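Please work from the sequences and hints to get the whole structure.
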Amino acid sequence: MDDYLIGVLTNIGLFGFMALSAYLLLLAGEMSFGQQAFFGVGAYSGGMLTAMLGWPLPAAALAAMAMGALAALIVALPTLRLRGLYFAMATLAAAEMARIGFELLHWQVVVAGEPTGPDGTQGFRGIRWVFENGVEPGTYLAIIWTLLAMVVGLFIAMERSRLGAALRGVGEDPELSASLGLNVIRVKLAVAAAAGALAALGGVLYAHHNTYIEPRNFDIMLGVHSLAYALIGGLGTVFGPLLGVLVDIGLLEGSRVFQGYRMIVFGGLVALLLMVRPRGLLDEGTVQWIKRRFS
Amino acid sequence: MDKKAVLLGLALALPLPTWAQRAQAKLECRSTGTDYVYDCIIRLTRGAEPLQGAKITVGADMPSMPMAHNVKPVQAVPGDKPGEYRVTLDLEMQGEWMVKLRLSGPLKDQLMLRYEFDASGARPLKRADRPPRK
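So the protein lines, in turn, are chains A and B.
Numbering-wise (the working numbering), the first sequence opens with residue 1 and increments by one.
Numbering-wise (the working numbering), the second sequence opens with residue 296 and increments by one.
Hints were generated in silico from the structure; no laboratory data involved.
Incorrect hints may have been included.
[What the hints assert, rightly or not] Across the chosen pairs, the derived CB separations fall in these ranges: (1) B:LYS421 to A:ILE74: 28 to 34 Å; (2) A:GLY268 to B:ALA343: 48 to 54 Å; (3) A:LEU62 to B:LYS350: 32 to 38 Å; (4) B:THR383 to A:LEU85: 44 to 50 Å; (5) B:GLN347 to A:PRO115: 26 to 32 Å; (6) B:GLY374 to A:ASP3: 19 to 25 Å; (7) B:ARG325 to A:LEU53: 39 to 45 Å; (8) A:LYS291 to B:GLU391: 44 to 50 Å; (9) B:GLY374 to A:GLY285: 57 to 63 Å; (10) A:LEU85 to B:ARG418: 39 to 45 Å; (11) B:PRO401 to A:ALA271: 47 to 53 Å.
Quantities reported herein were computed from a predicted structural model and do not represent experimental measurements.
Note that CB positions come from ideal geometry on N, CA and C, so glycine has one too.
Structure representation (structure tokens):
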């Protein structure tokens with residue numbers, strides 16, 4: 001596999017975590033513009049643990065996921081009482097606060113004779129665990145896609161369980177779900193924490209792939225794209241958001257057909273799909289049709 | 296004093312040997328006249344000495360939109376002077392780019408260089424910290 005293909009597939013995999021994070025919240029009826037904050041929390045905390053404190057990546061990834069879940073809970077507790085646009089705006093504001101927090105974060109230690117750690121707007125260099133442990137790009141790609149497959153497997157299992165039914169119920173009609181005895185707020189808090197952990201996992205993998213991160217990596221563009229992938233791909237199945245990533249990164253960007261105009265094409269595609277297929281390419285109806293067809 | 300302790304102390308007090316030092320790189324780019332295509336010279340050093348014989352794969356990503364631009368990685372070729380390498384970068388647009396140099400050969404490393412690309416060429420970017428509130 002050549003470097004370019006490995007790079008494209010790595011980016012698709014990494015974006016997959018963010019798209020699934022946004023999708024999980026959409027299932028619960030919440031549209032978040034702030035998942036990039038938890039991606040950033042994962043990237044920074046995971047990077048600090050391996051580069052500054054010498055933790056192994058697997059342990060750092062678990063800790064980063066815990067940090068992402070905690071940060072998501074902190075944001076969700078005051079914002080989940082908001083609805084619709086107000087919730088979306090609140091999550092965006094929280095994400096911007098997190099990004100400014102990264103800009104103000106200065107904590108460096110000397111590692112192998114070089115200052116290592118977050119240096120505000122100058123970024124955080126030297127997240128070299130993957131590199132120093134001889135993990136080749138192809139192997140790292142396999143790790144990313146294995147983890148993504150495990151997450152997809154968990155989603156499939158969840159959607160076939162009562163938990164999945166409860167989640168979709170809460171998302172589509174919270175009042176009805178509450179009248180059936182579901183604790184809607186508790187379900188939404190759990191979803192927010194899981195979505196935060198998922199975004200953080202993507203973040204820690206991104207930081208170690210790139211070896212360098214900076215606050216600008218975690219601005220609104222990342223959050224908007226993640227949400228758009230879930231909306232383009234569809235809310236009927238876990239494969240919807242991944243299809244969204246594939247359409248943008250794989251097809252539009254990977255093919256380089258539209259060159260610098262890709263963002264315009266992408267924006268137009270989102271607008272068109274929201275008009276023609278408001279619940280995405282793989283919406284619930286399409287998924288049911290596919291299931292009937294192949295069962 | 297114990298001889299071993301003296302030797303250890305000396306070893307720690309001495310600067311890191313050249314082989315242990317990380318590589319440094321500078322980039323000089325000029326527009327080719329074709330939109331967003333730049334001819335670049337990479338100057339690679341390690342411990343102030345030019346680093347020769349490196350195999351460099353050059354990629355790029357935009358900090359404000361991470362992972363969304365897949366610039367095709369290209370191999371740099373040795374330039375006219377020791378430690379110099381030439382590469383042509385085909386970017387998607389002007390603006391801030393993180394140029395990623397993946398080194399193999401005498402040294403395995405990955406260097407990330409933050410540059411602003413405009414109509415004429417590229418310049419290193421050092422973003423100012425947020426000014427203190429008055």
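A quick look at each hint next to the structure:
no. : hint                             : result
1   : B:LYS421 to A:ILE74: 28 to 34 Å  : holds (33 Å)
2   : A:GLY268 to B:ALA343: 48 to 54 Å : holds (52 Å)
3   : A:LEU62 to B:LYS350: 32 to 38 Å  : holds (35 Å)
4   : B:THR383 to A:LEU85: 44 to 50 Å  : holds (46 Å)
5   : B:GLN347 to A:PRO115: 26 to 32 Å : holds (28 Å)
6   : B:GLY374 to A:ASP3: 19 to 25 Å   : holds (21 Å)
7   : B:ARG325 to A:LEU53: 39 to 45 Å  : holds (42 Å)
8   : A:LYS291 to B:GLU391: 44 to 50 Å : holds (46 Å)
9   : B:GLY374 to A:GLY285: 57 to 63 Å : holds (59 Å)
10  : A:LEU85 to B:ARG418: 39 to 45 Å  : holds (41 Å)
11  : B:PRO401 to A:ALA271: 47 to 53 Å : holds (52 Å)
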